[in-house]
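**Student:** Here is what each chain is made of, one letter per residue.
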Amino acid sequence: MSLPGQLSVLFPLASGLGASSPLAAVLPASDSALERLPLTLRGLLTGWLPASWQWLANSLIAIVVLIVAFASLFALLTLAERKILGRVQNRPGPNRAPLPFLNLRTYGLAQPVADGVKMLTKEDIVPDGADRVLHFLAPIALLAFSILTLAVIPYGRLLVALDLDASVLFFFAAGAATELAVFMAGWASRNKYSLLAAMRALAQLISYELPLLLSVVPVVLMAGSLSTSVIVERQGEWWLGFLPRWYVFTPWGLAGFLVFFVASLAESNRSPFDLPEAESELIAGHLTEYSGFKYALFFMAEYFGMCALCGMAVTLFLGGWQAPLPFLSFIPSYLWFAGKLLALLGVFMWIRASFPRLRIDQLTRLAWKFLVPLALINLGTTAFWSLTADWAGLLQPLRWLIAAGLIAGPFLLLGRNLSKGLGPRTYRYAA
Amino acid sequence: MLGTGLLQGLAVTAKNLVGSFHDPERYVTMEYPEVKTKLPENYRNFPFLVHDDPKDPLGSLRCVACTICETECPPQCIYIVMDRDEKGKALKRPKVFDIDISVCMSCQICVEVCPFDAIKMDQHYEIAETNRFQGLLLSREQLSKSNAYYHQLHPTEAAAVDALLAEQKAKQAAAKAAKAAPAAKPPAPAAPAANPPPPPAPSAEAPKPPTPPAP
Amino acid sequence: MSMSESASTPATSGPASQEGFSPTQQERDELRRHGILLTSLEELYNWGRSNSVWPLNFGLACCAIEMIAASMARFDIARFGSEVFRPSPRQADLLIVSGTVTKKMAPQVIRLWNQMPEPKYCIAMGACAISGGPFKQGYNVLKGIDRYLPVDIYIPGCPPRPEALLHGLMQLQAQIRGQKLTGPDRPRHLRADTGCAYPVPEFGAHDLEPPANPEVWQAPSLPRSG
Amino acid sequence: MESLEQIRERLLARFPDAALTVIANPGPAGQPSLLVGSPHAASIAAFLRDDPALRLDYCSNVTGVDWPDREVVETIKRTVPPPPPAAPADPSAPPVTPKVIEEKVKRHIPGYFEVVYHLYSMALKHGPVILRTRTADRTDPASLPSLTPIWRACEFQEREVYDLFGIRFTGHPDLRRILMWDEFKDYPMRKDYVEPDDYEWEPTPHGAVLDKARRHYPAPPESR
Amino acid sequence: MTSPAAPSSFPSGLPSSPGAHVRAVHDDFHGDLLEVSMGPHHPSTHGVFRMIVTLDGERIVRLKPVFGYLHRNHEKLGEQTTYLASMPYTDRLDYLNSMTNNWAYAIAVEKLAGQAVPERAEYVRVILAELTRLLNHTCLAGFLLQDTGCSGTPLMYAFREREKILDLFESLSGSRMMCNFQRFGGCRLDPTPEWLAAVRQLVDGYGRFLDEFEALISGNEIVMARTQGTGVLTPALAISAGVTGPMLRATGVDYDLRKVDGYGVYPRFEFRVPLGAHGDTYDRYMIRILEMRESIQILRQALRDLPAGPILDPKAKNRGFRPKPGEAYGRIEGPKGEIGFYLISDGSPNPFRYRVRPPSFVNLTILEDMCLGQTVADAVIILGSIDIVLGEVDR
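Protein chains in written order, with the working numbering: chain A, 1 to 431; chain B, 1 to 215; chain C, 1 to 226; chain D, 1 to 224; chain E, 1 to 395.
No lab work stands behind these hints: they were computed from the structure. Mixed in with the good hints, there may be bad ones.
Stated by the list, open to error - These stretches of chain B come out as covered by chain E in the derived footprint (C-beta under 8 Å, 3 or more residues):
#1 7-14
#2 113-119
#3 135-141
Stated by the list, open to error - Going by beta-carbon spacing under 8 Å, a handful of chain B positions derived as facing chain D:
#4 21
#5 79
#6 98
#7 164
Said to hold, decoys possible - Some residues of chain D that are not near chain E, with every Cβ distance over 10 Å (derived):
#8 20
#9 27
#10 51
#11 105
#12 143
#13 215
#14 216
Think of the CB as a built atom: it goes at the ideal place given N, C-alpha and C, for glycine as much as any other residue.
Isolated chain A (complex conformation):
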């Protein structure tokens, strides 16, 4: 097989899916033009190239599209976060930055652009005695790893930049490396707060990588594949003809999703697990010594990581790009994916607006004493679920009941153990 041919297996999206492509047959005939729009557009762009060049052009396009799409999503998300936070706090948030040259107010839509312009033009400071190389590399590494994780998420039917057989593994490998970049930043800054933040980041990484991975294992087990595309395909069936068979709608899937969600909050350093960047304790944590565009890169990478984890959660548990109801399938799959992604991101922001931060020992305790056992038990539950796949009729509710009990019992027990000694108090009054 020629090299382009090999790669075309690796890059289904990248290998021209135009009308001329032999793979075009993979697409169901029912697909609307809207569903095919991204592919059509790409065909228009690269169709004129010789076939041996198309894979390269296509992958380049995929990369550019990914980066541009997520960079603009990042801009919107910063604004959305500030707006949502504002609304929760009974205020409007940024709403008056006018468009440049026009002096037109657009409900603050120009705000991220203004921030970007300012960040780009801000002086870049490297502290005396800092490790200049690492200080420079840290934001770049962080961004690079975050973008890598974005590559394996299926954004729509056949819309995946890199469809590896082991894409789930790839995702977590690349995702874990981001913490390395945080540690680099903390170490290189020559600042005590940064160093503390770096140590926290490492502790957090070690603690939360495990529940994150363990919560994914059941999905892999049930789907029988490490490929994200296959996992999404497997969730594409319907119960009783109309209920989606997403993994989150099973007892083990729900538990897995919750563990994954909490762990991904921690992985993306979001509140209530934003310990490395604990504003009220460590000034700005590992970012303390970063100014200007390096800081913006960090910020961007953090949001990319958040998007990637939410995208993975959607892919693994929420049916990926599948429509929630059969008759809604006419809406293009990538829109469904975007909708679910944004909803999850919204929950991230909602949580940020509501909760205080945990302490580092509580954070690790939550991981080791609650999430990890729960994920392990969930693995057993999944095994039970898998073994009883042929239970039917009256046994079916029994199967649900047992599985739910297998999750809820340990949840209550572990939860009680975790919150031992804590609780609401009653107070006495002086006589």
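Starting from the known structure of chain A, fit chains B, C, D and E onto it as the hints suggest.
**Tutor:** This is chains B, C, D and E only, laid out in the frame that chain A set:
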């Protein structure tokens, strides 16, 4: 159960998020430059001097340059020089009346101690400046504001002050008339400082700071 | 100083006042004739800076409470894009000196200012920051932060209302919008001849040494006979 | 609670050689205080804290007072010995007992530093008992016993007194400057403290500031 | 996980004998220690406070507070100005609670001069003091939660309510924060019926706000995990260190000056004093919430019973005021603890000695004791729960 408190908290924030779109209790922002707070009548920021005749803002200042406010001002931000004629006779009006609003602590003590109701508190607060030395030292010319302006800011208080001043004037006129009638002496100067007003009786509808005895 | 005249007038003129500070269409056309790219760049640069003024999360005294109040729901400084109170000076654009600067604190304030990356701005909020205010005659009170730092906007008041701070912020935005990239009156951070670090005074046996930075601080004399 | 006189009696019984004086308060507040000699201050304080009838377990306020040297013209009754240096003598308020022969005496009252402790009892909810300790004079290494070992509340307050008045507390665990910087040499709350002359733009000067302004301005011309 | 705490200056926390104050810290014992200087510019030091923290990992083995960054010579200025002119300066002591500062100072001067206060003024003072208490405790809860890492939401809700109280203060006294309202022998102005109605409305709505606020915070598992069991203060140490206010009552010691001294007209009101049992950060938070609920009760009663009459004693003299020689110590239960003023008069228009007994300064005495063995994150919230205002700490 672990998590109920968290869910309760999420419910509160969600209620506020939704409420911010329809409930004015949960959307309290004032779009400042377009919408401004309705300042209460009592609001005080920096002092100004009241003049009675809009045509002659400097000549008709109520201030007689008695320097009570200057000495009582806690941060000492008032500077007064009394105007004198060529012979050095005091003219009972300020020649220099400067207030350094970069020092003023808006405490209103100058207003309280002024026996002539000459200095009152302004409510203008949009005074950000790029030059401290030229912008924030207010001179007599900048401080002088009309009685109508005073009425606009503090209507209740101003009405009471006007009534009081009118009463004093009437009393003074009566006293003068009484004096002038028996002995045809040359009339005493009509400036209010010659005859400091008695402490006003607390009036029911317009609570007023206690006026101390005249110097 | 020329800004103060152009900035002080439109502030009260109505809803469009916020934009009223930027060059008028006519002026803009005039400028464009001289160099379209440069003016457009300049405008974009100034627009970006002025709409994204991130203050340093730094409170000194009473005024800091009003500064916090300005960022709270009632006044919401976020509307101007300035609610991002960065705790690290590296990411901040604006130093709001909100309260009394004591002599013990002054070196730290100047150090913070030095740690901020250019372009950066300074607002002296409240009487104490401007001149020492009511505490001016105290032995440990610095008589105005402008003895050591270049202050862009002075907001009098004790403490200024949150609206007054917002007003000062708008003045600052207007000032930024009026800055030139080139020419003799270009801002400090675009000049090669201005140093980036301001000297930090040292604790002496009786007072700070030196008691003022003569490069920043030239007070006019106002003779009084008393 | 017992009166201060009763407390003094009991203290004298317990510490026979202690110097204890009840200092009257001529003002309307009328709250007298107990002047304690330095050598016994700590043991007396411990007694007051632990005595079951008093249990003054809470030291609310610690402060220094600087009494500068004074020249006082006093009208003194010949028969009565001069009163101990009480709380500020006022030249404008002579006692009105015309019977005894009086004479005007010019007296030099040497200044001293004083530390005042306001004690209360949280257990028995009474108080205050006001303790005072005094230095002999105002010469510089002024030193008084620290009561921090008795009441932890004195720790920072005594440091503050040391910082602002320059009174060294013997027995204080951590006597450093607290409000001013370490390099600072003066004691600013003393009455004879002279501020550093960091005069600047003074547009509205009065009094001392005006004097300072005059010193700094080149010969002030006519008022403007 | 806990490392042995370094010997504090007071090994048992309590002073026993002078020999106990050995400040030696055996650093070899802990191995490599990290010394972090938190402040004076730090987001959670509530101003310009500084803590030099020595860390073993994240555990605190030593914590030395550094003060004076806001030392603005309040006492010296107080001795250089007249009695009346010091009144606006007291606003700036604890700049969240100007009304109670005013009252404490007025009480001290009234004691010094033997000045009586009309009944109506006493009631108005109680109303204002309790409003201030609501304001302070609400803000404190907001700031405390901000320190634990909330993204501003509780603080915003707290300030939303604070603005309502500030509106009341502003419409009565003319200023949002620096009220300068009390005078020797009464208050400066008489509240109008409209103002009283507005207070009534606020008081009626405040309970609802507290309910919602508690729903957001009090039951939150993260808040409980962060605050329960951290920064424990024992009653004996609290008493010895002169800790007052809600902090003291959180340790279970019943000492509220409103009950003990019964100043003003407080004996006429029915209210309870909530007491904690653990003395930890959560107790300190909850005591304040409960105190607010009691304050609402006091406000209801005071508004109901407010008598008619003069607001300022007609004989009171504020300008040219020269009290007789003597001294007086006046104290009240401020929202942060006992705020007192110690005045010595020598018969001149200026006080001879003007001393402020700042509650938060004295309450900071036990900061190190509470923080030893805890983490940096805890130190931040312990400091937050002490409720300091630097204007008062450093004066």
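**Student:** Please name the hints from earlier in the document that this structure breaks, with their numbers sorted from lowest to highest.
**Tutor:** 2, 3, 4, 7 and 9
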